[in-house]
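Please build the complete structure, drawing on both the sequences and the hints.
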Amino acid sequence: MTGFHVDAGVLAAYAEGGLADVDAWSVEAHLDRCAACRTSIASDASTALVVEAVAVSLGGRLPTQGRVRRATGWRRIRVLVGAGPAARTAWLLSVAVTGVLTAGLAVSPTVVPPWLLLLIAPALPAVGTALSYGPRTDPLHELIAGTPQGGLTIVLWRTLAVLTVAAPVAVLAGAVTDIGPPGLWLLPCVGLTVLTLALGSLIEPAYAALVVAGAWAVVVLAPPVGGLAVLVSSGPGWLGVTAVAAVVVYVRRERVGRQPA
Amino acid sequence: MTTVSVDGLRVSYGKRVVFDDLDLELGVGVHGLLGPNGAGKTTLMRVLATALHPDRGDIRLLGHHIGDPSALRQARRQLGYLPQAFGFYPRFTVREFVEYFAWLKEMPPARIPLAVDRAIERVGLLERADDRMKHLSGGMLRRAGIAQAIVNDPRLLLLDEPTAGLDPEQRVQFRALLRELGLDAVVLVSTHLVEDVVAACTRVNLVDGGRLVFTGLPDELMAAGGDGDSGDSPIERGYTAVLRGARTVPR
Numbered sequence: 001m002t003g004f005h006v007d008a009g010v011l012a013a014y015a016e017g018g019l020a021d022v023d024a025w026s027v028e029a030h031l032d033r034c035a036a037c038r039t040s041i042a043s044d045a046s047t048a049l050v051v052e053a054v055a056v057s058l059g060g061r062l063p064t065q066g067r068v069r070r071a072t073g074w075r076r077i078r079v080l081v082g083a084g085p086a087a088r089t090a091w092l093l094s095v096a097v098t099g100v101l102t103a104g105l106a107v108s109p110t111v112v113p114p115w116l117l118l119l120i121a122p123a124l125p126a127v128g129t130a131l132s133y134g135p136r137t138d139p140l141h142e143l144i145a146g147t148p149q150g151g152l153t154i155v156l157w158r159t160l161a162v163l164t165v166a167a168p169v170a171v172l173a174g175a176v177t178d179i180g181p182p183g184l185w186l187l188p189c190v191g192l193t194v195l196t197l198a199l200g201s202l203i204e205p206a207y208a209a210l211v212v213a214g215a216w217a218v219v220v221l222a223p224p225v226g227g228l229a230v231l232v233s234s235g236p237g238w239l240g241v242t243a244v245a246a247v248v249v250y251v252r253r254e255r256v257g258r259q260p261a
Numbered sequence: 001m002t003t004v005s006v007d008g009l010r011v012s013y014g015k016r017v018v019f020d021d022l023d024l025e026l027g028v029g030v031h032g033l034l035g036p037n038g039a040g041k042t043t044l045m046r047v048l049a050t051a052l053h054p055d056r057g058d059i060r061l062l063g064h065h066i067g068d069p070s071a072l073r074q075a076r077r078q079l080g081y082l083p084q085a086f087g088f089y090p091r092f093t094v095r096e097f098v099e100y101f102a103w104l105k106e107m108p109p110a111r112i113p114l115a116v117d118r119a120i121e122r123v124g125l126l127e128r129a130d131d132r133m134k135h136l137s138g139g140m141l142r143r144a145g146i147a148q149a150i151v152n153d154p155r156l157l158l159l160d161e162p163t164a165g166l167d168p169e170q171r172v173q174f175r176a177l178l179r180e181l182g183l184d185a186v187v188l189v190s191t192h193l194v195e196d197v198v199a200a201c202t203r204v205n206l207v208d209g210g211r212l213v214f215t216g217l218p219d220e221l222m223a224a225g226g227d228g229d230s231g232d233s234p235i236e237r238g239y240t241a242v243l244r245g246a247r248t249v250p251r
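As they're listed, the protein sequences go chains A and B.
According to the UniProt record's numbering, the first sequence is numbered sequentially starting from 1.
According to the UniProt record's numbering, the second sequence is numbered sequentially starting from 1.
Derived from the structure by calculation, the hints contain no laboratory data.
Remember, it's a predicted structure, so these values are computed and weren't measured experimentally.
Take these hints with a grain of salt, some might be off.
[Claimed, not checked] Here are some, though not all, of the chain A residues that point toward chain B, as calculated from beta-carbon distances under 8 Å:
(1) V68
(2) A83
(3) E254
Even glycine gets a Cβ: it sits at the ideal position worked out from N, Cα and C.
Take a look at the structure:
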């Protein structure tokens, strides 16, 4: 040990090879005798540079990490909504057909009768929702039923996805049929969907959709006094149906989407 | 508290009663669930996985009473479940499949990407992580299923026939994984391969006819068998001896 220590700047220059030969020799001679200076050279900034260089070159040699997605809020919504069941294709096809029918009616009312659109368009989201979950149509039903986000949460996400596609088609259909104000076509859409969810907590969702769609067909094919327009325009009636169904869904939420196969 | 307790469980499908008054206690470790076909192994798994509501019974999972909605949610976050038969969305990649369940199990988002890859790595599927599920073989599908079950580092892991479809080498690797998982979690493995039990389980439970007819160490099950019992190994002889004994006792 000596009382003298090499200046930190000189030490750094030595470590990076930036000293003239003569100076380097004398620093080396000192390092031979002084443990304190040897230690400080080890933790010098140049070491960090070396580590970083190693990390970069090592990172280049590792296998590529694959398509890892950052876990953002958007990613969560995309995953939860986008994870579609197998029945999606069939349902999207029927939405497309309804769109075509709507276009047909717009061309001429003799090609497509208006009541046909009223029969199909509001029932589509109900059927689509029921097909999107449940032991019969969702291959992952059993696995999802045991997770905290399974059940009502995931069913509502899927309902939202279905309504996003089906509701505009229904409004469009309403616009070309002249049965009530087009915007009000949303009421039966939502009403029948929530009704299906409520019934789906008692019986299998696929059957619930059948029952609801069947009842709707009866109502449309045997129209009440005042014609089909009453069906669409009776706002308080639909709000009542929706509210009652929503209460049932809430009370029986542990059964929505968690029915045993 | 990391235990599972079931008290007075009754489960029935319509008129057929599967369990009537079943009691079960599980602590940390790997528990084998043995029993003949139709004994109720899968039903018990589904009840513990909270996928099937029992008619009656007091069930506590990891200290949470599953009758209480918020406790049930807590329990479900710490649960991993692999059913005997499970479907998949064909267009999902393995990584998307496991990620989907990480979200469904409400994992903290910051942990998800790493946890997903770690789970896939632990079942040895990392090289196929970006392949679509429909292109996987049966054994790979089962391993992807195991990966989704362990992605949240569950404290209660339920595996129904996890070794079905695995080749002998994969089965050995899987047993090693089981022993690792059983260090700090309750792991219940149903199987009818008794070798799996000897190799990986710290305790054995045997169900038959809706009753728990044996619970104890694998060694104790082996000791129950005598030379006269049918079976090719000590544990098989013990298994048949216990079943025969349980069936001669009038209910």
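Status of the hints after comparison with the structure:
1. The restraint placing V68/A at the interface with chain B holds, with a minimum CB-CB distance near 5 Å, inside the 8 Å limit.
2. With its C-beta approaching chain B no nearer than about 5 Å, A83/A sits inside the 8 Å limit, and its interface hint holds.
3. Contact between E254/A and chain B, as hinted, is supported at the beta carbon level, the nearest pair being about 7 Å apart and thus within 8 Å.
In the structure shown, no violation is registered for any of the earlier numbered hints.
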